[in-house]
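Protein chains: 4
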Amino acid sequence: MSKKQYELELKVRDYECDLQGIVNNSVYQNYYEHTRHEYMKDVLKLDFAKLHEENIDPIVYRIEIDYKLSLRSGDVFMSKLKMEYEGLLKIVFFQEIFRKKDNKLVSKAKVIAVTLKNGRPVKPAVIMPNLTQ
Amino acid sequence: MSKKQYELELKVRDYECDLQGIVNNSVYQNYYEHTRHEYMKDVLKLDFAKLHEENIDPIVYRIEIDYKLSLRSGDVFMSKLKMEYEGLLKIVFFQEIFRKKDNKLVSKAKVIAVTLKNGRPVKPAVIMPNLTQ
Amino acid sequence: MSKKQYELELKVRDYECDLQGIVNNSVYQNYYEHTRHEYMKDVLKLDFAKLHEENIDPIVYRIEIDYKLSLRSGDVFMSKLKMEYEGLLKIVFFQEIFRKKDNKLVSKAKVIAVTLKNGRPVKPAVIMPNLTQ
Amino acid sequence: MSKKQYELELKVRDYECDLQGIVNNSVYQNYYEHTRHEYMKDVLKLDFAKLHEENIDPIVYRIEIDYKLSLRSGDVFMSKLKMEYEGLLKIVFFQEIFRKKDNKLVSKAKVIAVTLKNGRPVKPAVIMPNLTQ
Numbered sequence: 001m002s003k004k005q006y007e008l009e010l011k012v013r014d015y016e017c018d019l020q021g022i023v024n025n026s027v028y029q030n031y032y033e034h035t036r037h038e039y040m041k042d043v044l045k046l047d048f049a050k051l052h053e054e055n056i057d058p059i060v061y062r063i064e065i066d067y068k069l070s071l072r073s074g075d076v077f078m079s080k081l082k083m084e085y086e087g088l089l090k091i092v093f094f095q096e097i098f099r100k101k102d103n104k105l106v107s108k109a110k111v112i113a114v115t116l117k118n119g120r121p122v123k124p125a126v127i128m129p130n131l132t133q
Numbered sequence: 001m002s003k004k005q006y007e008l009e010l011k012v013r014d015y016e017c018d019l020q021g022i023v024n025n026s027v028y029q030n031y032y033e034h035t036r037h038e039y040m041k042d043v044l045k046l047d048f049a050k051l052h053e054e055n056i057d058p059i060v061y062r063i064e065i066d067y068k069l070s071l072r073s074g075d076v077f078m079s080k081l082k083m084e085y086e087g088l089l090k091i092v093f094f095q096e097i098f099r100k101k102d103n104k105l106v107s108k109a110k111v112i113a114v115t116l117k118n119g120r121p122v123k124p125a126v127i128m129p130n131l132t133q
Numbered sequence: 001m002s003k004k005q006y007e008l009e010l011k012v013r014d015y016e017c018d019l020q021g022i023v024n025n026s027v028y029q030n031y032y033e034h035t036r037h038e039y040m041k042d043v044l045k046l047d048f049a050k051l052h053e054e055n056i057d058p059i060v061y062r063i064e065i066d067y068k069l070s071l072r073s074g075d076v077f078m079s080k081l082k083m084e085y086e087g088l089l090k091i092v093f094f095q096e097i098f099r100k101k102d103n104k105l106v107s108k109a110k111v112i113a114v115t116l117k118n119g120r121p122v123k124p125a126v127i128m129p130n131l132t133q
Numbered sequence: 001m002s003k004k005q006y007e008l009e010l011k012v013r014d015y016e017c018d019l020q021g022i023v024n025n026s027v028y029q030n031y032y033e034h035t036r037h038e039y040m041k042d043v044l045k046l047d048f049a050k051l052h053e054e055n056i057d058p059i060v061y062r063i064e065i066d067y068k069l070s071l072r073s074g075d076v077f078m079s080k081l082k083m084e085y086e087g088l089l090k091i092v093f094f095q096e097i098f099r100k101k102d103n104k105l106v107s108k109a110k111v112i113a114v115t116l117k118n119g120r121p122v123k124p125a126v127i128m129p130n131l132t133q
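Residue numbers (my numbering), protein chains in the order written: chain A, 1 to 133; chain B, 1 to 133; chain C, 1 to 133; chain D, 1 to 133.
Just so you know, the hints here were simulated from the structure itself, not pulled from any lab data.
Every residue gets a Cβ at the ideal spot worked out from N, C-alpha and C, and that includes glycine.
Please note: incorrect hints may appear among the correct ones.
Claimed, not checked - Interface residues of chain D toward chain A, partial, derived using beta-carbon atoms under 7 Å:
| # | residue |
| --- | --- |
| 1 | L19 |
| 2 | S26 |
| 3 | Q29 |
| 4 | H34 |
| 5 | H37 |
| 6 | K45 |
| 7 | D47 |
| 8 | A49 |
| 9 | N55 |
| 10 | Y61 |
| 11 | I63 |
| 12 | E64 |
| 13 | D66 |
| 14 | Y67 |
| 15 | L81 |
As the list claims (entries may be wrong) - SDA-like, lysine to any residue: derived pairs with alpha carbons at most 20 Å apart:
| # | chain 1 | residue 1 | chain 2 | residue 2 |
| --- | --- | --- | --- | --- |
| 16 | A | K11 | C | L8 |
| 17 | A | K100 | A | Y6 |
| 18 | C | K4 | C | K82 |
| 19 | B | K90 | B | K110 |
| 20 | D | K100 | B | D42 |
| 21 | C | K68 | B | D57 |
| 22 | A | K11 | A | H34 |
| 23 | A | K41 | C | K45 |
| 24 | C | K68 | B | E64 |
| 25 | C | K117 | B | D42 |
| 26 | D | K41 | B | E9 |
What the hints assert, rightly or not - Pair by pair, the computed Cβ-Cβ distance ranges are:
| # | chain 1 | residue 1 | chain 2 | residue 2 | range |
| --- | --- | --- | --- | --- | --- |
| 27 | B | D102 | A | Y85 | 34 to 44 Å |
| 28 | A | L116 | B | R120 | 39 to 49 Å |
| 29 | D | L89 | C | F94 | 26 to 36 Å |
Chain A on its own, in the form it takes in the complex (with noise of 0.2 Å):
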């Protein structure tokens, strides 16, 4: 796998703000959710609601995020990707958010990721041949 970084920009809505005026922490999971979902769309081809339906679920298994600053109503930020693999069945995600207007760290992310077919997990290389590891 090309260790290229993706990158999307995407924009706060207001209503992912919270009584402190600022984007609430769970919703920077969406954001990191969404990218991942994006990522895996474009560049690796996989639908994640396609694989459910073929009983093929890729679930977090652990996630880390560290909060640097606070993104606020109107913000516009670069939400970036890298993936790794960890042993055999893991995969990991090495996110981060970007302030777009001074480029300043806003949040970074480790995401794991284990793949489940009908509930057992298996090698990534298994749902995506595209792939050489």
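Please build the complex by placing chains B, C and D on the supplied structure of chain A, with the hints as guidance.
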């Protein structure tokens, strides 16, 4: 069907509030949906997730919501529901939300739903044989 | 005010879909709100978050939503908006969502809003001096 | 501060489930946040919304979440919390979610928070005078 009113006590969660410091408008649809599903499960003995696995999907067709007061952080509220049939295919839910501390009306909604089986409308009685209209 | 239609292109995010595999009803209110706020910022030069800091809050008073089709994972859609005045105090937004691939109407909404300043209704023109009614 | 464990019983709401039919990963952050805020209000007598009005904002600095099992529609769960100090400025929440029907661990989290007053870190004791560290 009995026209007895169904009632659920719920509490605002801080992440449901937006930058105006009040519960976001869209969250009332979450409250209303949750109340309908709990009513279906508790009173009608219908499980929304199980129905979906049998290709039966109650679908909201139209919703009208009036907003009278704003719920805020910490507010406890009563979510009330009555169900009626309209014609052969439609089910109408009349729903209201009252703030508990002063029993004031916060919001009310009229929700019209139809039931789809394999994508086509069916009479509600088909899936609710334990009900007499 | 010009009655020119405002238009925003958006894409379904997988986390917006519920266990029926379709975008949850409440999420359309998110789409509709985001479109109104973008319209306010882009066309009317009004910043929702900044208005709130000045104790000015546009508030949704009533919303009517019709659901015609269901958006699904991967769908791109156009969110369209027209704004009109109704009487002295009300602003009405007519909103529609069209699925991009076949231009079919997915949902439409009528949203009635009032503007509160320090908790009391004010004429929209007060906060939008750059508009001629 | 007492290290007594705080506990909250909650129930999955259908709109929290995604197209995989399970509670979406990001929703656990909502559960965890709600439990922290209820703990703050019930045990520490601290109101998150009121603190914000005084320019005091507890902020999540880092979160680590492990996902062991998936919650599904209808599941009832216990959300448990313990709080500890780390150094002078950090508060650490150890949180766990157990499925009620079989008492199995669903997810656990370590949440590190700091308290900002007018944007600068302050000792937690400053805002929690009723606590002895």
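To see whether the hints hold, each was checked on the structure:
no.: 1; hint: L19; result: holds (6 Å)
no.: 2; hint: S26; result: holds (4 Å)
no.: 3; hint: Q29; result: holds (4 Å)
no.: 4; hint: H34; result: violated (10 Å)
no.: 5; hint: H37; result: violated (11 Å)
no.: 6; hint: K45; result: violated (19 Å)
no.: 7; hint: D47; result: violated (11 Å)
no.: 8; hint: A49; result: holds (6 Å)
no.: 9; hint: N55; result: violated (11 Å)
no.: 10; hint: Y61; result: holds (6 Å)
no.: 11; hint: I63; result: holds (5 Å)
no.: 12; hint: E64; result: holds (5 Å)
no.: 13; hint: D66; result: holds (5 Å)
no.: 14; hint: Y67; result: holds (6 Å)
no.: 15; hint: L81; result: violated (16 Å)
no.: 16; hint: A:K11 to C:L8; result: holds (13 Å)
no.: 17; hint: A:K100 to A:Y6; result: holds (16 Å)
no.: 18; hint: C:K4 to C:K82; result: holds (7 Å)
no.: 19; hint: B:K90 to B:K110; result: holds (12 Å)
no.: 20; hint: D:K100 to B:D42; result: holds (18 Å)
no.: 21; hint: C:K68 to B:D57; result: holds (15 Å)
no.: 22; hint: A:K11 to A:H34; result: holds (13 Å)
no.: 23; hint: A:K41 to C:K45; result: violated (36 Å)
no.: 24; hint: C:K68 to B:E64; result: holds (15 Å)
no.: 25; hint: C:K117 to B:D42; result: violated (43 Å)
no.: 26; hint: D:K41 to B:E9; result: holds (19 Å)
no.: 27; hint: B:D102 to A:Y85: 34 to 44 Å; result: violated (58 Å)
no.: 28; hint: A:L116 to B:R120: 39 to 49 Å; result: violated (33 Å)
no.: 29; hint: D:L89 to C:F94: 26 to 36 Å; result: violated (51 Å)
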